[in-house]
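Quick note, the sequences are listed as chains E and R, same order.
For the first sequence, position 297 matches number 297 in the UniProt record's numbering, and the numbering has no gaps at all.
For the second sequence, position 260 matches number 260 in the UniProt record's numbering, and the numbering has no gaps at all.
These are calculated hints, taken from the structure and not from any lab test.
No false leads were slipped in.
In the SDA-like style, the derived pairs of lysine to any residue whose C-alpha atoms are separated by at most 25 Å in a straight line are: (1) Lys130/E <-> Ile165/R; (2) Lys153/E <-> Ile169/R; (3) Lys104/E <-> Gly177/R; (4) Lys130/E <-> Val167/R; (5) Lys101/E <-> Gln182/R.
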Amino acid sequence: MATVELKSIRKTYTSEEIIKGVDLSIESKEFVVFVGPSGCGKSTLLRMIAGLEDISSGDLLIDGRRVNDLAPAERGLAMVFQSYALYPHMNVYQNMEFGLKLAKTPEAERREKIMAVARTLQLENYLKHKPGQLSGGQRQRVAIGRAIVRNPKVFLFDEPLSNLDASLRGQMRVELATLHRRLGATTIYVTHDQIEAMTMADKIVVLQKGIVEQVGSPLELYDCPRNLFVAKFIGSPPMNFLPGTVIAASEEQARVRLASGQEIVVVAGGAQGLIGAAVTLGVRPEHVRLGHAVENRGSGQVELVEYLGSAAHLHVRMQDGALLVIQTEGGVRVHADDAVTFSFPAERCHLFNSEGVALHRRSSGRMAA
Amino acid sequence: MAGQRARGKSLVIAAVGWVVAIWIFFPIFWMFLTSFKGEAGAIATPPRLFFVPTLESYHEVFQRANYWRVTFNTLGVSIGATVVALLFSIPAAYAMAFLPGKRTRGTLLWMLSTRMLPPVGVLVPIYLIARNTHLLDTVTGLALVDMFTNMPITVWMLYTFFREIPVPILEAGRMDGANRWQEITRVLLPLATPGIASTALLSMILCWNEAFWSLNLTSSNAAPLAAFIASFSSPEGLFFGKLSAASTLAVAPILAFGWISQKQLVRGLTFGAVK
Ligand SMILES: Nc1ncnc2c1ncn2[C@@H]1O[C@H](COP(=O)(O)OP(=O)(O)OP(=O)(O)O)[C@@H](O)[C@H]1O
Ligand SMILES: [Mg+2]
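Working from the sequences, and respecting the hints, build out all of it.
Here is the structure:
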């Protein structure tokens, strides 16, 4: 359908630079998710693409055409707002009809399109209702319907599900993903919910303070975060970080001594220059293995067990006082104050230098477990 | 217990409300009574609450002045000034509410500050301007002056109402392809109708009751109701019967208008507070 390209896009409000040079290219039909902490500029970037906010410098290309100076509607985009932003004085039908009317679509065609969209979104029985008479989920559907009825080249979503309760959010997430598969429209989606990001995205863009920290598929970000920030941000519960020192290194591996004195072998290239340097070892809770092992061992005392049903989170205090979260299957029989031993699989550990940049790992996608 | 105390409290509040209401309404009530007493009854001491009503004062008022023409002038001034004021105030308030600049706040305050001047301070220049543009004693001239003096208030009111409109709704309109004009007429104005209605109402009432400029810029042709009342107070001493009759005739339409639209007015004036 349409490609979107951002070339060193910047945004400056009166004095502050909010978006500091973003380069990004989005393929046709791709589902791209912007994630990042609150205030990092996700909405601003999306609104610049939408045309609701001026672009201070840089180029925005849609289908290869520079659209910086085009009005929102001329860019061929549709946006779904967090607050739904339905027209309160119009009923559901009129809400969806408004854009078509402005585009001078003939009456019969309008009706046909709206009825088709209403069918897809199960809104047929609500066409005469005003937004005030609808539930949150229904309003959200109307907002989505209003966007798709115009058959835009690109869909923009700004945290569309954040006003819904958890179960409805899960349901809408599936509906949106299905809809995207069916329509095949290029989609840019802003969220700070990383489950939404991981489950829906073809490509995730992690932003921090107006800078792109990393772009990649959900699994790429999960397996090979480029720096500490991305490593912390992607994954739930978050990755464990343990300070240590490199004591030996080869092309492909590094041996790290943790504060507790344990030595851990990590698959990480390019650490030869870092012998003696302080580093951070990262390991995800779901990758720590409970039980005895020959290599990369550790031990500690359980402080707290959180049973989630399908899984359990053990909060373990290591000998040096560091806290480690371990995720195990839900049926594990471990209690608070138990002593446990565990191991860190070398190929699942991440190593970050003192600047927080990840040391190069084999980038072959998923690694053998 | 708690329920009783609450009921007692609301009784007290109701009583205070009635006292204030009667206090405010009494002069109007007395004027209304006096207008039916005839000239002799009007000045009787002690004033009588019960008397035989007569339409004598009304007959004389209708004989001596052209009530319908004066009412027509007032309507012309009020409606004209209100419509034109809204035509200018809506775009101004839109710009201030949705496209604010560094000086927007200052401009708003400055506009309002012009209302704090005593009008007599600009009487001479405005009189001269009106004379030189041949607008003296015309409905247009008075409407123009009323419009300019009320615009700070209408802009302020509309500005506050517009600020209550969620911006994303307007942005959604823009995404749907609305240009500025369509955004205002098809999204903003329908949403702001209560606010616009109460702004218009207030402007109407202010114009209707305006006396200073009415007395100074009009004489016979364009005299509105304020001048009509005044014409019964000055020349031949005080005739309270006729004065009351004239005043009753002058305030009756706007009072009725206010009564009919009070729901709208209250809703508009408390718009932000209640949602
Ligand atoms: N009109 C504005 N004038 C000045 N600064 C602004 C303006 N709009 C946004 N900002 C600033 O830009 C930064 C980014 O805002 P933005 O809304 O894009 O964040 P976000 O990533 O969407 O956050 P959230 O997750 O909370 O929605 C914030 O620091 C904000 O204060
Ligand atoms: Mg945001």
